[in-house]
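In order, the protein sequences belong to chains D and R.
Mapping to this note's numbering: the first sequence position 178 is 178, numbers consecutive.
Mapping to this note's numbering: the second sequence position 10 is 10, numbers consecutive.
Treat the hints loosely; a few may be bogus.
One copy or two, either will do: identical chains are not told apart, so a pair holds if it fits within one copy or between any two.
Claimed, not checked - Subject to a maximum C-alpha distance of 20 Å in a straight line, what follows is the list of computed EDC-like cross-link-like pairs (lysine to aspartate or glutamate): (1) Lys323 to Asp191; (2) Lys323 to Asp227; (3) Lys323 to Asp150; (4) Lys257 to Glu59; (5) Lys323 to Glu265; (6) Lys257 to Asp227; (7) Lys323 to Glu233; (8) Lys323 to Asp274; (9) Lys257 to Glu379; (10) Lys257 to Asp150; (11) Lys323 to Glu102; (12) Lys257 to Glu386; (13) Lys323 to Asp209; (14) Lys257 to Asp209; (15) Lys257 to Glu213; (16) Lys323 to Glu229; (17) Lys257 to Asp194; (18) Lys257 to Glu140; (19) Lys257 to Glu286; (20) Lys323 to Glu140; (21) Lys323 to Glu36; (22) Lys323 to Glu262; (23) Lys323 to Glu59.
Calculated directly from the structure, the hints in this document are not laboratory data.
There are 2 protein chains.
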Amino acid sequence: MNSALDDLTATSSNSDPAPHGAPSANDRTFGPFRFEVIGIDLAGGARHGRMTTGHGRVETPAFMPVGTQASVKTLLPQEVRATGAQIILANTYHLMLRPGLETLVAAGGLHRFMGWDGPILTDSGGFQIFSLAGNARVREHGVTFRSHIDGSHRELTPEKAVGLQLGWGSDIVMALDHLVGLPADPTSVRDATDRTHRWLARCADAFADAGGEERAALFGICQGGMDPELRRESAAVIASAEVAGSAIGGLSVGEPKPVMAEILETVAEILPFDKPRYLMGVGSPEDLWMGVARGVDLFDCVLPTRLARNGALFTAEGRVNIKQRRFADVHGPLEAECDCDTCTRFSAAYIHHLFRAGEILGLRLASIHNLRFLANQIEVIRRAIEQNTFASAHASFLARYRPVERTPNA
Amino acid sequence: MNSALDDLTATSSNSDPAPHGAPSANDRTFGPFRFEVIGIDLAGGARHGRMTTGHGRVETPAFMPVGTQASVKTLLPQEVRATGAQIILANTYHLMLRPGLETLVAAGGLHRFMGWDGPILTDSGGFQIFSLAGNARVREHGVTFRSHIDGSHRELTPEKAVGLQLGWGSDIVMALDHLVGLPADPTSVRDATDRTHRWLARCADAFADAGGEERAALFGICQGGMDPELRRESAAVIASAEVAGSAIGGLSVGEPKPVMAEILETVAEILPFDKPRYLMGVGSPEDLWMGVARGVDLFDCVLPTRLARNGALFTAEGRVNIKQRRFADVHGPLEAECDCDTCTRFSAAYIHHLFRAGEILGLRLASIHNLRFLANQIEVIRRAIEQNTFASAHASFLARYRPVERTPNA
């Protein structure tokens with residue numbers, strides 16, 4: 001327990017927004033779901049917490065590997081677990097199309113189907129509909145689109161998004177939100193943000209009607225584009241909603257990193273202190289540190305696994321591409337300090353060879369390394385928060401790690 | 001110990017070829033390498049044996065999974081081991097081109113490079129040169145060809161084939177042979193077979209000169225196409241050569257199955273009883289049974305892993321394609337009686353989903369199942385030999401298993 005926490009807990013009974021976030025508008029419990037902040041960094045907003053779900057506990061900050069189609073690409077559940085991951089994410093858009101709710105229910109739920117017995121968070125499907133499906137058309141009732149698999153006409157509504165996620169047994173259910181891409185005119189962003197709030201109310205009703213809180217938790221999503229005022233307004237709506245957690249959507253969509261940081265600071269002041277904060281779709285090493293510094297508890301991103309399949313591996317100095325000739329005769333591990341199941345068993349030269357030869361095992365070894373790298377960052381971060389050394393640990397990370405400016409294919 | 005063995009051991013001191021094979025022409029030992037027949041089926045030629053190498057023991061009959069490019073496709077060494085495999089095969093043609101001898105030596109050898117600490121048999125490279133490389137041209141000195149990777153001009157000679165395999169530390173080194181594909185005119189087959197014999201003598205010299213027997217075993221390869229007379233002649237050459245084992249090459253190249261069976265019977269009479277017999281490139285479940293019935297001890301084939309990656313899975317009734325719609329809602333294992341790490345943990349519906357969704361994990365789960373299926377067949381075979389019930393076990397297998405007539409992509 002961090003002494004700063006007592007200060008903040010005291011502060012949070014004040015009606016002014018605390019620097020680390022506002023108190024929760026309600027003290028309703030959410031079935032098996034619990035969240036407690038067990039430590040914060042004295043100098044900033046970084047939090048160390050514990051989230052409890054019907055499928056076990058999650059230490060926060062946490063990075064959630066993405067199991068898009070009920071599989072964290074190339075890996076077995078036990079391998080994902082071995083990287084240090086305690087919770088994974090799966091995509092509602094993909095799962096609703098294939099294998100579909102009916103099959104997942106018949107299988108005994110998503111956990112049993114894919115063999116992952118830890119917590120699962122599912123997104124609402126909105127993001128992929130706008131990025132992947134064809135002919136997405138938003139009406140107040142919901143969004144219609146064409147499946148990218150077979151072109152069939154489909155519809156997703158707030159009620160259906162909740163029904164699907166509860167149906168296959170997600171531990172954390174995301175409300176359906178309306179996203180607009182960049183560049184976006186202010187009217188569209190305002191319109192989408194307002195709709196996101198109305199849809200959240202419908203999601204909360206659907207969740208309550210289905211008795212969702214007995215087995216899961218509903219998170220609302222803050223939108224508002226890059227407009228600080230709209231973001232504040234949206235954060236206030238999420239803060240006052242009957243939800244168990246606050247997600248921050250619509251970021252990491254191509255905006256400059258300082259803009260993302262500023263938006264995070266803006267909303268962190270308003271979002272409830274005692275609920276987990278989830279920054280959606282963010283997962284580069286440098287962004288984890290940046291997000292945690294601004295009070296974020298949860299992250300997810302395809303980045304580590306997607307980069308891995310392209311041969312781009314994280315190291316303490318930055319990303320390297322294992323396909324480069326210079327690794328052909330590195331007969332020690334890629335990173336001597338890395339404790340992942342790849343670096344402890346195989347040489348950089350072997351991974352290089354597997355990639356050059358087009359062997360699938362290479363994709364596996366790289367995925368394991370990248371996920372473990374992020375989990376290790378998270379562990380360093382948690383420890384630093386406990387020890388009140390977050391700022392200096394962050395500085396040490398930045399002094400060594402050289403981020404990639406642009407992220408192709410991610 | 002099978003009582004029939006004593007009879008046969010007695011018989012093998014007779015100068016006539018025994019029904020189960022001839023005695024070895026020499027009693028030279030081969031360094032760490034040992035082979036002993038510890039049981040044979042009374043009614044036929046099926047043998048149960050034990051092969052010892054510098055990297056451990058192998059119970060025979062044995063199926064060797066193929067790690068073409070220093071990786072059994074999609075799998076980790078420990079997963080290959082868990083299927084029941086005790087020895088694997090790797091391809092000299094591939095390894096000489098990529099990563100190359102120099103890298104493998106710098107890595108501390110092939111075993112360390114790929115993380116497999118059990119025995120490794122490598123082929124001589126001949127088969128792939130004739131099937132995969134460009135412009136293969138055979139002269140007495142050796143064969144020149146162009147790399148399928150970068151088009152570079154390369155040469156492989158008997159001496160070089162042995163040097164490569166010893167160089168990266170193979171436990172079993174195959175002599176370079178000259179293959180001709182089907183259809184082949186008798187003159188070409190005769191010519192290639194004679195050359196194979198001359199090359200074997202050169203391989204044996206190179207092996208001896210390099211002190212190979214201190215750390216490995218050399219196998220000769222019987223050729224002779226589909227001509228029984230030439231096969232007999234070739235088998236006699238192999239039988240009298242200073243080699244530790246006898247391979248049977250040039251089969252399973254498109255000939256009718258009864259022809260393969262007949263050739264096997266022909267050569268089994270001549271090949272030494274007390275040396276292991278390796279039927280190259282054969283690995284369908286029905287062919288394992290057929291080969292063992294004719295005295296074969298070792299098999300290798302890409303079939304189980306290649307089929308797996310196409311979604312074709314072995315079952316006791318024959319192959320099925322997991323992509324078929326009928327598996328979409330099979331929420332139990334593909335085979336209730338299967339003890340593989342796939343069937344004990346995942347449903348047929350999940351594997352089906354992974355294949356439909358293009359997830360790499362599906363290829364892994366299928367590969368594990370198919371390799372375990374063959375290992376289980378081998379275990380049933382070994383037990384049947386021990387119990388003198390091979391013929392009835394073979395009949396039971398055939399009564400239930402429906403072979404595929406043609407093997408696309410295999």
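Comparing the hints with the structure gives:
1. Lys323 to Asp191: neither (46 Å within a copy, 44 Å between copies)
2. Lys323 to Asp227: neither (41 Å within a copy, 48 Å between copies)
3. Lys323 to Asp150: between (35 Å within a copy, 16 Å between copies)
4. Lys257 to Glu59: neither (26 Å within a copy, 60 Å between copies)
5. Lys323 to Glu265: Answer is neither: 39 Å inside a copy and 49 Å across each miss the 20 Å cutoff.
6. Lys257 to Asp227: within (15 Å within a copy, 74 Å between copies)
7. Lys323 to Glu233: neither (47 Å within a copy, 49 Å between copies)
8. Lys323 to Asp274: Answer is neither: 45 Å inside a copy and 47 Å across each miss the 20 Å cutoff.
9. Lys257 to Glu379: The answer is neither: 23 Å in one copy and 60 Å across copies each exceed 20 Å.
10. Lys257 to Asp150: Neither: 37 Å inside a copy, 43 Å across copies.
11. Lys323 to Glu102: between (42 Å within a copy, 18 Å between copies)
12. Lys257 to Glu386: The answer is neither: 27 Å in one copy and 70 Å across copies each exceed 20 Å.
13. Lys323 to Asp209: neither (53 Å within a copy, 38 Å between copies)
14. Lys257 to Asp209: Answer is neither; intra-copy 40 Å and inter-copy 65 Å both fail.
15. Lys257 to Glu213: Classified as neither: same-chain Cα gap 36 Å, cross-chain 63 Å, threshold 20 Å.
16. Lys323 to Glu229: Neither way: Lys323 and Glu229 sit 46 Å apart in one copy and 51 Å across, limit 20 Å.
17. Lys257 to Asp194: Answer is neither; intra-copy 25 Å and inter-copy 72 Å both fail.
18. Lys257 to Glu140: neither (32 Å within a copy, 67 Å between copies)
19. Lys257 to Glu286: within (10 Å within a copy, 61 Å between copies)
20. Lys323 to Glu140: Neither: 49 Å inside a copy, 39 Å across copies.
21. Lys323 to Glu36: Classified as neither; 43 Å inside a copy, 45 Å across copies.
22. Lys323 to Glu262: For Lys323 and Glu262, neither the intra-copy (37 Å) nor the inter-copy (48 Å) Cα distance is at most 20 Å.
23. Lys323 to Glu59: neither (35 Å within a copy, 39 Å between copies)
When the structure is compared with the earlier hints, violations turn up for hints 1, 2, 4, 5, 7, 8, 9, 10, 12, 13, 14, 15, 16, 17, 18, 20, 21, 22, 23 and for no others.
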